[in-house]
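A.B. asks: Here are the chains, one letter per residue:
Protein chains: 2
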Amino acid sequence: MAKEITSRAENYSQWYNDLVIKAGLADNSAVRGCMVIKPYGYAIWEKIQGVLDKMFKDTGHSNAYFPLLIPKSFFSKEASHVEGFAKECAVVTHYRLKNDPNGKGIVVDEDAKLEEELIIRPTSETIIWNTYKGWIQSYRDLPLLINQWANVVRWEMRTRLFLRTSEFLWQEGHTAHATQEEALEETYKMVNVYADFAENYMAVPVIKGVKTSNERFAGAIDTLCIEALMQDGKALQSGTSHFLGQNFSKAFDVKFTNKEGKLDYVWASSWGVSTRLMGALIMAHSDDNGLVLPPKLAPIQVVIVPIYNKPEQLAVISEKVLPLKKQLEEKGISVQFDVRDNFKPGYKFAEHELKGIPIRMAIGPRDVENNTLEIARRDTLEKKTIAFNETVDYVVTLLDEIQNNIFQKALKFREESTYKTDSYEEFKELLEKGGFILAHWDGTSETETLIKDETKATIRCIPFDNPLEEGKCIRTGNPSSQRVLFARAY
Amino acid sequence: MAKEITSRAENYSQWYNDLVIKAGLADNSAVRGCMVIKPYGYAIWEKIQGVLDKMFKDTGHSNAYFPLLIPKSFFSKEASHVEGFAKECAVVTHYRLKNDPNGKGIVVDEDAKLEEELIIRPTSETIIWNTYKGWIQSYRDLPLLINQWANVVRWEMRTRLFLRTSEFLWQEGHTAHATQEEALEETYKMVNVYADFAENYMAVPVIKGVKTSNERFAGAIDTLCIEALMQDGKALQSGTSHFLGQNFSKAFDVKFTNKEGKLDYVWASSWGVSTRLMGALIMAHSDDNGLVLPPKLAPIQVVIVPIYNKPEQLAVISEKVLPLKKQLEEKGISVQFDVRDNFKPGYKFAEHELKGIPIRMAIGPRDVENNTLEIARRDTLEKKTIAFNETVDYVVTLLDEIQNNIFQKALKFREESTYKTDSYEEFKELLEKGGFILAHWDGTSETETLIKDETKATIRCIPFDNPLEEGKCIRTGNPSSQRVLFARAY
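These protein sequence lines are chains A and B, in that order.
With the working numbering as the guide, the letters of the first sequence map in order to residues 1220 to 1709.
With the working numbering as the guide, the letters of the second sequence map in order to residues 1220 to 1709.
Don't read these hints as lab results, they were simulated from the structure.
It is possible that part of the hints are untrue.
Which copy? The list can't say, so a pair holds if one copy fits it or any two copies do.
To be verified - Below, in silico cross-link-like pairs of lysine-lysine (DSS-like), each with a Cα-Cα straight-line distance of 27 Å or less: (1) K1276 to K1539; (2) K1241 to K1306; (3) K1323 to K1352; (4) K1602 to K1352; (5) K1545 to K1352; (6) K1675 to K1296; (7) K1639 to K1602; (8) K1478 to K1529; (9) K1602 to K1539; (10) K1276 to K1241; (11) K1478 to K1323; (12) K1332 to K1545; (13) K1323 to K1296.
Quick caveat, the model's predicted, so the values are computed rather than measured.
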């Protein structure tokens, strides 16, 4: 191995951290809770962005950009929003520094105190709805379907690379509609877009559902979500879509004239995914050798390693490989020909495994003679020697197969890790094993909080296609009409 | 006209502002000095980003992301950098708000004061070089060719949409090299990339040159730039590329082992362009009817307006137009078929002119009969009726012609607005007319400052291909070896 990583069995949390650091995805920074996203990690994020951005545009959305800084008073306008978001945040109080009169570096200039403090956006509903007020007069201005790619800051005491950082990157959609129906339709449409992306690009199976009031977005009427299961049996909320009703239009006085000529408040949705998806992607598929990336999001899909002793041999191999590389690229496949001469093939193999490159090819002088090459797939680590002329077709098919295989593997794992129980004792035992648990709940926030305090499990969601079923709450024994999805979560 | 805009002759500054607001590019926000970039403006920015990002990648760069917040002490580490950047900036002093004990909204929690204040990045050299320290040990780790797309904040008292805002979007490249030669080569390479982009995509001719020490980036050994001339005769600095020498590697102690096994400080460059380019794009080409966008950066390149009275007519027109739209799109051309039924053609025409869409087509029932359509080009406002079957080829050629024409027009304007003078009186008169002035200067900062104080003109740059020429400084009469480029600037 190029760089030793801790095994999952030994210490799952350390395994994750080792992967992120050693595969060159991200680094801790000098600023508490803020990460540096390194080029390889950022390249994956760019892939994620590219696919999602197209999905958003294909569903009629446009991008825009709103200010980073939000006046403090805006947060007080929506009653429950302030409770959820105005607390742990970065507060700008001054707009100037000056030389220390005692000659010790620079200090804050107290003469440059802001009249009203500005908050670095933890989310942008307030500034956006304050802006929409100027944009919306009539039903003709609706719907407004806008997305923003941005950085946000939520002060966090305990941080983990990608999963929980004080600053993170995300997209936030903010839509305005003439009717409740349309806003609801949008809210559901976007959670479906997220699920489509998670399953068909990230190869991560997700459960779509509705959050309970305890877990709802501060300011929403309803929060829809997608929930994924990680290899350690913990859930990861991977995207949320909120039906905001008229809460923000009322808070910011955004009215419109409807087709009947009457004034009404605008209906709203908001929805977002963040660099947290990187955490899900890493944890869902990777193994003790390193990352396993789904081909559709891998910055490099194929790496070709020449095996040679003498420069003349490399020349012969290159002559064979370069046209192949071009052919693959013409099929839209990203290929790296790893000709670095200061690393041995074994070191390169380990590095490419660590980085999760889906397909590795090796080709030496004998392969050139035999018109063959060796193909290794990252997901199963299987190797195979194939005829050189069949490579392009083989790779095209294999990329699809890998994409499908890692999804099926994750789905199988989730299915095997999803339990039903009617006993609180068993519930607690199952939580120690990890996984999703479908159990009855009496529908009250109090019971949900009690279960959380006692077991650290939360209700991840009430799944969309949840069958109704008479039962008794696992904790209180009170009547329940359906099982809900519990898990310990990131 | 759909929306009245002030003419350039009447009030150039108001014309600019009207354009930005009424064409839907940007809006002022509730936060002093921060703008909202509206969907149409952001779509142009996305085009700019797309082209530049490809250019950066084609020249070997990767994207990454560094923290928004920088510890205050970092700014003191590079002596001249602190003077330039640590002053007018947004300072984060607290990380929590709380409910006002008197029940009046929310207030800053004084218990949550940061030990060290954090500054919202005005530029990222300090945090990035502090990070590079951990990434660079040996010459094998070099060069490091990294770019970041990000938002930055520089507190501004007088702001103008796109041209000068407290928060703006930009890209900042930060490269690390083993030798001075390589770092210098990179610095020049990137100013050339910017010039290529400005001229061949924005259709804005630029002069490449070196800044004087007065105008140099705080912390640079040399600043290279591209300077464009706006229609009011004022210059706009449109991109800069800095040779940083070893200033930041010394400030942050970033050493590497070179090929000879000796420790040396790393050599650096940094370079950036921002949403200010939007200002240049708008001001360089637009007219009293609205925006004029170069086809290569226009989000919509062709708009098709159906002319009809009855729904049956629209059906007939659509049957004709939709296959044409598809054919154009297959050529990579973005097309909008404007079927909005609540606006009249005249209103639509004015709106498309305001938005600077390069080609407008109109087609009515008689056109369908005659197998023709009317094409209007935005740059010259000329109209022409052409045979329907020739449309695709005609449009492909016309887009190129428009792109070229607006560049030539801007180039001609600049050439006619570039003067030489040896008289300070004439220099001052020319400045009132506006334009670039090539004049002798004695090479001292004092004289440059004097001229600036007396005339508001600054030295935009010493052009790269500047011919040497004996002369006398226009202000002091001291000997000079070359003319430099003066102008009043944005």
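A.B. asks: None of the hints should be skipped; say for each whether it holds.
C.D. replies: A quick look at each hint next to the structure:
In this homomeric assembly, K1276 and K1539 come within 27 Å of each other (Cα to Cα) only across copies, at 26 Å, whereas the closest approach inside a single copy is 41 Å. For a Cα distance limit of 27 Å, the shortest separation of K1241 from K1306 qualifies neither inside one copy, at 34 Å, nor across copies, at 38 Å. Proximity of K1323 and K1352 under a CA criterion of 27 Å is satisfied inter-copy only: 24 Å between copies versus 47 Å inside one chain copy. Neither within a single protomer nor between protomers do K1602 and K1352 lie at most 27 Å apart by alpha-carbon distance, with minima of 60 Å and 39 Å respectively.
In this homomeric assembly, K1545 and K1352 never come within 27 Å of each other (Cα to Cα): the closest approach is 52 Å inside a single copy and 37 Å across copies. Neither within a single protomer nor between protomers do K1675 and K1296 lie at most 27 Å apart by alpha-carbon distance, with minima of 33 Å and 46 Å respectively. Taking the closest pair of Cα atoms, K1639 and K1602 never come within 27 Å of each other, the shortest separation being 39 Å inside a single copy and 72 Å across copies. Taking the shortest alpha-carbon separations for K1478 and K1529, only the inter-copy value of 22 Å comes in at or below 27 Å, while the best intra-copy value is 78 Å.
In this assembly of identical chains, K1602 and K1539 lie within 27 Å of each other by CA distance solely inside one copy; the values are 20 Å within and 55 Å between copies. Taking the shortest Cα distances, K1276 and K1241 sit within 27 Å of each other only across copies (24 Å), while inside one copy they are farther apart (35 Å). Taking the shortest Cα distances, K1478 and K1323 never come within 27 Å of each other, neither inside one copy (65 Å) nor across copies (39 Å). For a Cα distance limit of 27 Å, the shortest separation of K1332 from K1545 qualifies neither inside one copy, at 59 Å, nor across copies, at 57 Å.
For the homomeric pair K1323 and K1296, the shortest alpha-carbon distance between copies (12 Å) is at most 27 Å, but the shortest distance inside one copy (42 Å) is not.
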